[in-house]
Each structure stands twice: as structure tokens, then as C-alpha cells.
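2 protein chains.
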Amino acid sequence: MANPLFAPEVKHLIRENSSSGLKNFCESLNPVTVADTLCEEDFTVAEVWQVLGQTEVKTQASIFEYFPKKWQDQLIAGTGRPHIARLIEQMSHDDRVDLLRRLDANVAEALLRLVDEANRKDIAELFRYEENTIGSLMTTDYAWLPVHLTASEALSRLRQQAPDSETIYYIYILDETSRKLLGMVSLRDLILTSPQTPINKLMKVDLVSVHVDDPKEIAADILRKFDFLAIPVIDRDNRLVGIVTHDDIIDLIEAEATKAIHEQGGVGDILDSYMVASFFQVWRKRTFWLSCLFLAEMLTYNALTIFEDALEKIVVLKYFIALCIATGGNSGTQAATLVTRALALGEIGTKDWLRVLRKEMVMGIAMGTVLCGIGLIRATFVSRERLVYSDTYIAVNQWLFMLTLGIGVGLICLCGTIIGSMLPLVFKRMKIDPALASSPFVSTFVDVTGIVLFFSVAKLFLL
Amino acid sequence: MANPLFAPEVKHLIRENSSSGLKNFCESLNPVTVADTLCEEDFTVAEVWQVLGQTEVKTQASIFEYFPKKWQDQLIAGTGRPHIARLIEQMSHDDRVDLLRRLDANVAEALLRLVDEANRKDIAELFRYEENTIGSLMTTDYAWLPVHLTASEALSRLRQQAPDSETIYYIYILDETSRKLLGMVSLRDLILTSPQTPINKLMKVDLVSVHVDDPKEIAADILRKFDFLAIPVIDRDNRLVGIVTHDDIIDLIEAEATKAIHEQGGVGDILDSYMVASFFQVWRKRTFWLSCLFLAEMLTYNALTIFEDALEKIVVLKYFIALCIATGGNSGTQAATLVTRALALGEIGTKDWLRVLRKEMVMGIAMGTVLCGIGLIRATFVSRERLVYSDTYIAVNQWLFMLTLGIGVGLICLCGTIIGSMLPLVFKRMKIDPALASSPFVSTFVDVTGIVLFFSVAKLFLL
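So the protein lines, in turn, are chains A and B.
Oh and the first sequence: position 456 is 456 in this note's numbering, straight run, nothing missing.
Oh and the second sequence: position 277 is 277 in this note's numbering, straight run, nothing missing.
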């Protein structure tokens, strides 16, 4: 949402060396807008630091967080380490850990040595958690209070804590010595109640929380379902160790969708955005998948050789290989897509396989019937000179050929649907990512089936 | 997150006819958990109303909102209209409009007549906005204040308004007569500042807002980028008409991802969840797409007949039709997937077509080279008896056949990549949903290209 007018204005302020103008630019606009402006146009790293340098480190940090990763890396290389250490001290607790994870281990260590002790401890704490766990997603920057206060005491304590961010809206109530999570009050409830109300009367105790070692997706599932601003994260002893906030969940849901779409498109897992992803890495992933699929598709050659007799004898069949394969691939992809997405959203699980199978069998028959009809009609348009046996040039019976194409296509559609719907469930059961069963993989699987079905029907009716 | 123990317990309370037990169940748990419990096990509609009837209508409404649509419809049919009217008065402003839109027009009108005037006016207001606009997504339930107050006056006014929901955290500052949006203060800032601070010193004026007639996606894009809890929605005269909240955006992002995935899988736009979607509607959509793709794939027949001479003369070619087609389809799908997703996330636009083309051409060459190599190797494994001309049984030159397969496959990969990357951009330019250009559609397009390329190379080298 960078206003296109900001960039020339900032350029002008840089030329004029106007400290106050640049300070005002950094402080009066939303940090997202500032970051957007400074990375969209071709500012140099030195110029960006010149602009940011006019404001205090806290504001710098809030802007810095919204730069794309590549820019962040360049900016870090373009200034002194003590400066970066001050920045890290002011960054949000989860974002700075992401940043340090991304940096070269030596650089990260050198930077950490310059960070003050409290922040260094907090970073070390979050660093412990493995990627893909809720621990790697959470922030330790939350508001908490002991249980024995009244609403007005709670408010004045909060004023002292003055938490940095919007995480002030949910306040967790902890046992002071054990840090065990006892309950939660919302800032709304604190404001609306009378000042003398004790917070243990006000707090919710039926809390939905997540475990720090759980996979990230669980946090997303909960926040999607309950409309919370944040979810408390606890350790094995029910101690509060952090919170996961709504904005990180939005990013996670987005990233999950991209991953699902990429896997479905046979691209593998490309996390960086299209224009900035490394060419070599993208090439490696795409080539890997294309080659795997290419090798798998070689099975179609073998399937065709099995039906060599029919293929060589009945001239017309080879012209329909492509159509049969595509029908299988499309019906398989449809079913796999629906089932994979339903699995991802938790609408179904592997235990529902029988219900899915029944549903998709009926669907496959209902769709196959329509395609069978179209196939029957299409068969009547095949020119007579192709409807012959290659060795004798005797005509193939047109009615039987119509039946071959119609029934062949119908069966392929039915089988494609069944295989496509079952494969993601089988993958899930085998603890393989079911998204891999969508699109290209299932197509390859069904292509061979399509050939086998079509030629089997052809042999039955025409040989 | 329904605890599996709740359902039997509730069943027991129903049998015991324990009003206080059921009331406690409804009021002590999160509404999501209550709704989950009551719809997961096989409770009857009458039983659900018996449970909900023990608590006040406001709590009923907050639970009712979390029932799946199908259940909501059944529950509405299972109680008196005056009861539903009271429920509607207490529901969130956006959810109740969604509900009324879904109901039969006569039922909706009859219900509306029973709703009190203020709520009826509010519903009519939101009803005006077309689906897919921000107006249809927003709620009119927001907190606002005039500009001339101090922080402590603001807080006591808020206590009087006592807004229903978490929308209290962002308070919009309006001109009292024109309702024009002047700025915003957060509850956090109101709490942390000294009580005498005038709110016009405290408020942010550089607000990011959306227009009520804009498409929904714009609200999602903004909330994804800025980590707001809500975005103000204004009309043409800059008057505040509503807000869009983070939880509705999460649902929207989720639904957008499902739509993209379904379109990519050639399923069409199935919005209901897998297990509850109407069989007939799903059948209609899937059959429609399968039939369209089937008809389009018939072009492969025509493409093959163009190369009838080569196909009939060189025995081996027909065995590689499937492999060639699949290679084109897979490389096309990859490129289309990446470009479509990048378009959806706003990482690229149609203006970037030349950069995308250049990138994908280089990528297509780099990937095609690898596939060409695999193709060359694969060609050496073809049995001698198939490497002949069908009319003379003279052997085909094996080196030339290797070149045919290698170069053919490489070219198909390159063309698939180029077509796959350009098609979504062309669609976008023509104002067609670019997601339609992914997977099955692009495959069909590329299948024909694959046949033409492979047989052209074959004719060049082998005929």
C-alpha cells in the first residue's frame, strides 16, 4: 500500500539531507508503508539506513520487520554489528528468532554476543524449539498478571508493564511462583467491569491452549475455529511459555495454502515468492519433480507394449490414447483435489475412508455415465478409413467400436475417481503428505490404468 | 476441539432434565466447544433446543453462530419464528445477514418482520451490498467516539456503549454530524496514556481503510500485510459504515485458498465442505468440467491425424504418445501453478509478463536439457523389433531415434513451461480467473502442443 508519491518525496528529502523530514516520514506513517516505500523503488542500502537512522531504534525495528527477507539480509550486511544488535533487542520476539535462524551461524553468534543479557536469554529460549513446532511460531512477549488483584490494580500493573504490542488485549493469569496458567482476562472485561472486581471472578478458566512441541498446524486449526486474537502456549507442566498471535496464523495459513497449491502443481515446496526465489533452487526442485514424473510415466510405454497386439492390429486405437489418458488424469485429479483439501481442513480423516469410497464410487458412476454418452457420440464421427484392422483392411464393427470408446471412457472415469480419492488417504495413513497425491502424481498413476482399461475393453469387443 | 467426554455428559443431563447442569454446560464452555459437542454426536434438533433453551438468548446466539450451515438451517426449521427473531437480534451483524441470505426469501422476510426495528434497519443496510464486496463481509458492530474527548472521558463512554465483542480494541473517531472517519485510537493507547490526554492528540490519522464496494480480496490483502485486528470500511463520502475483523479475514483467506485449489484441480467452485456438499451440485460441477476437458482433449485426435503418415509408418512412435503428453502437461502445470499463485498473492501482475517470460524460458531450457538427457538414455532401451518402419520392416536409425526422443521431450518441456506461464497472465488480462488456467486446462492445451512437437521432430529426423 505504498503511496507512489512517497518514494520521490523521500529521494528529495535524502538529497536535501533533511533529518526532520525523514524522521517525520518514518514516524508518521505505518511501518508497513514505510518499508514498502523503501524497498519498492531503487533505494540503496546506504540510503535506507540514512532514512531509518533519523528515528529511534525502536521505530527502526518495527519498520525493519516488514522488509522482505532478501532486503533484510542486505541491510544487515550494510551496517555495523552493534547497530544490528540494538535493532534485534527491539524487534518482536518471534521475528528476530526467524531472522537469526536465517543468518549464517557465525554471523548470528557474533550478533548474539552483542545483544543484552535479557534479550539474549529470550532468544536462546525460542531458538530451542524445532522448526514446524508451535514453539518456533510463538512470541514470549505477552501480558500476564498474578491472580490476587482487583480490576483496577490489574490495570495499573498493566500500565507499568506497558506491553509493546497488541498482545495486551488478552492477559494471562499465572501462578506467580510456578508460572502455571490459571486463566485469562480480556482487556475488554477489565475495562467494562467495576474497579473492585477481583480478577479471579472475571477470568475465564476453560482455556483452549496449545503445547509448545505440537506441530504449527494445530495452532492454525484452533485459531481458524475459535475467533481468538491469540492462543496461550504451555509446556508439559502447564506453564505458560508464550503465545501465538492472529497475524502469525494468517501468515501460516497463507503459507500452508501456497505449499498445498505448489505440491498439487508438482512444483515441490517453494517458499520464497516467485520473483525473488533463487533460480538454482527452483530449477532443482522443478527438475526433480519433472524427472520423477517422467520416469514414472515411462510405465505407459510398458502398458502399451502389453497391448501390442490390439494396438498394432486395430488402426484407430492409437488415435485415442491421448484422450483416454487425459480422462483418467482429469477425473483422478478432481477426486484427489477434493479429498486432499478436505483432509487439510480436517473435514475428513483416514477413518472416513469407507464413506469417501462409497461417495466417490457413486460419483464416478454418475460422471462416467455422462462421459460414456459423449464417447458413444464421438465414436460415430471416426472416419471409415481408420476403422479397419491393419493386417486385413477389413472394417471394424462401428457399433462395437462405439461401445469400446463409451464403456472405456466411462470405466476410466470411474477408476480415476476411485484411485484419486483413495490415494491421498493411503498417503496420509502412511504418514506421507497427502498433497503429494494430488495432480501430477495421481495423473501418472491413473494414466497407466487408463491405458490398461481402454485396451482391455478394446480387446474384449474388437479382437 | 469438543472434548469427547462432553457429549455423553450432556446426554445424561438431558435425560435427567437438569436445567442447571445444561445451563452450566452452555455458559461455562467456549461457544465453539458447545456447538461442536452438540453437532458432533447425534443429538436431535429438539434436544439441541432443549439444551440451548436453558440459557439466555444472547448465549444461544453466540453458540448458534458456530453450528455448521446445514445444522443452522435444521435448527431454524425446528423452533418457532419469534424465537429465531430474538436469536437474530443477538447474533453478530455479519453472521445474521449471511444466514438470512441463505434462507428462502419468504422465510427471511417473515423472520425480518418479527425483528425489532433497530436490528431490522441494520440488517437491511448490510443486505444492500452485493456478495463478493467488502460490504457483504463487514459488520456494523464497531466502537466509535467523537473527537473532543479526553482519554478518561473516552473510557467512560466506552463503558456505556459496552460493545458486544472484541471490536472494542480499535475505536474509530468520527465527526459526530457527518460520521466521517477522522482517525482511530486503540484501547491499548487509551489505557496507557494519562487520563487527561485529549484523544485528538492520541489518535492515528494515517488510516488504512477500504471502500464498501471494493471486492472482498482487497480487505484480505491489507489485513495480510498490515497486522491489524480490523480495517475500517468507508463509503464514497469517507463516512465509516462498518469494519472487517481479523476472524472473517481468516475465513476468507481459507475460502480463497480452497477455491484456488479446487479450480486448479478442475473441480469448479465447491464452497461447502466435502462431507456436507450436495451430491447433485458437486456432480454437476465435476461433470461439467470433465466434459469440457474431454471435449477439448478430442483435439489430440485431430493432432494425431495430422501426423498420420509418421504415426502409421514408424511403429515405435505410438508407444511414446502418452509419455510426451504427460511431459507437456506436467511442465505446463508447474509453470501455471507458480504464476497463478504469484498472481493471487500479488507478487506479480500482468505488467510483469516479459520478466516472467524471460525467466520461464531460461527455466524451460534448463529443465528441458535434463529431460532431453533422460530421453536420450531411454531411447537406447527400445527393443529392436519396434524400431522399424511398418511398411518395409527396415530398421529405424537408432541414433536418429535417440535424437528424436531427446529433442522432442526437451522441446515439449520448454513449450509447456512457456505456455503454462503465459496462459494465467493472458487470462488475467482478459479478466478471466487465472486459476482456471492451471492444471487441467493448461494440460489440455499443452497435450496438443506436445503431440505436434514430438511428431514434427520425428518427421524431420526419421521420415
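Some hints could be false.
In silico DSS-like pairs for lysine-lysine, Cα to Cα no more than 25 Å straight-line [to be verified]: (1) A:K70 / B:K359; (2) A:K69 / B:K351; (3) A:K351 / B:K318; (4) B:K204 / A:K259; (5) B:K459 / A:K313; (6) A:K318 / B:K201; (7) A:K313 / B:K313; (8) A:K23 / B:K459; (9) A:K70 / B:K351; (10) B:K58 / A:K225; (11) B:K359 / A:K459; (12) A:K69 / A:K313.
None of these hints come from the bench; they were simulated from the model.
Here is how each hint holds up against the structure:
no.: 1; hint: A:K70 / B:K359; verdict: holds, 19 Å
no.: 2; hint: A:K69 / B:K351; verdict: holds, 24 Å
no.: 3; hint: A:K351 / B:K318; verdict: violated, 43 Å
no.: 4; hint: B:K204 / A:K259; verdict: violated, 37 Å
no.: 5; hint: B:K459 / A:K313; verdict: holds, 23 Å
no.: 6; hint: A:K318 / B:K201; verdict: violated, 78 Å
no.: 7; hint: A:K313 / B:K313; verdict: holds, 14 Å
no.: 8; hint: A:K23 / B:K459; verdict: violated, 69 Å
no.: 9; hint: A:K70 / B:K351; verdict: holds, 23 Å
no.: 10; hint: B:K58 / A:K225; verdict: holds, 20 Å
no.: 11; hint: B:K359 / A:K459; verdict: violated, 47 Å
no.: 12; hint: A:K69 / A:K313; verdict: violated, 61 Å
Hints 3, 4, 6, 8, 11, 12 from the list above are not met by this structure, while the remaining hints are.
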